[in-house]
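Put together the whole structure using the sequences plus the hints.
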Amino acid sequence: MQGVVIGLIGSTLGLVLGKLTVEGLRKLPIRMEGLVRTEGLLMSEHLSDYILAFVAAMVVVLLAAAYPARRAAGYDPVEVIRGAH
Amino acid sequence: LQPILLERSPMRWFISIRYLLSHMRQSLVCIAGVTISVLMFIAMTAMMKGFTDKFIIETVESSGHITVNDEPRERQTPILQRVYDDPNALLVLDGTKPREQIEKIKNPTGLVATLRRMPQVLEAAPIVTGDVTAVYGTKTYGIIVYGIDPDSQLKVTTIGDKLVSGSFDRLKTTANGVILGRGVALMLGAREGDISKASGSAARILRRFT
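Heads up: the protein sequence lines correspond to chains U and H, in order.
Quick note: the first sequence uses this note's numbering, first residue -12, plus one each step.
Quick note: the second sequence uses this note's numbering, first residue 73, plus one each step.
Do not take every clue at face value.
In silico EDC-like pairs for lysine to aspartate or glutamate, Cα to Cα no more than 16 Å straight-line [what the hints assert, rightly or not]:
| # | chain 1 | residue 1 | chain 2 | residue 2 |
| --- | --- | --- | --- | --- |
| 1 | H | Lys126 | U | Glu20 |
| 2 | H | Lys227 | H | Glu133 |
| 3 | H | Lys227 | H | Glu195 |
| 4 | H | Lys234 | U | Glu26 |
Hints were generated in silico from the structure; no laboratory data involved.
Nothing here was measured: the structure is a model prediction, and the numbers come from that model.
The structure is reproduced here in structure tokens:
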């Protein structure tokens, strides 16, 4: 559950800040001349990227949270309260 | 906020949120880790896709997706070599002139019509190329000239979007008109409507800038 909470808050914040970062980078006046000539950074966003980022973050967070949660679930609560672990 | 959250949450949520709130610093670090990862993923993906799209437009869309060239033809063996096939023999024939091999497609109009009839082909545009030496005032510059059909060329490439001055339609009404690339125009110091001379094998098609 902690993993889900961390994943949801972190991913949602990441999506919002990611969108803001993309918009900010797009407005940077960086002039490039070479194979590709451009007046700024070229940003191309797709909804699928946002969905993929959210899903990937949730999967990683849940996988990272699963092992300690499984381990904690194996303990006897009485033993834990007695300070055996 | 904390009491409301704790009161309305089921037992599991209650325990997890309480744990997270009691270890605020640790929780914030975890959330920040996920946030930064998602942010970086989105920003980097957007940038990579942006440059990829631009690169594709600049390279693939600026020319036809498929180019049909003339087939390489086997050069005719000189008559002496056909008679004396010994590779070590020194063959000399006085007064011979090398025959100029012009690369061209046989029946190009028919080929273009055939290509246009194919259901997978949206448009086919004929194009010829040649090297010329452009002369404008005291400046000369070796350039490659592409002879095009303006209407069909605009359908197969995005070159029409890159025109900063003049128009493709003027090619149809201007005899020996040419559209210059930015680099060539800067090198020659030429502007729209200027007149230039050209020499070379493809010089007949270059007389006037549009």
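Handout entry: Restraint check for Lys227(H) with Glu133(H), where alpha carbons must lie at most 16 Å apart
Key = 10 Å, holds
Exercise for the section: Please work out if Lys126(H) and Glu20(U) have their alpha carbons no farther apart than 16 Å. Expected result: 13 Å, holds
Problem - Pair hint Lys234(H) and Glu26(U), alpha-carbon separation not exceeding 16 Å - result: 15 Å, holds
Handout entry: Satisfaction of hint between Glu195(H) and Lys227(H), Cα-Cα up to 16 Å
Key = The hint holds at about 7 Å.
In summary, this structure violates none of the numbered hints.
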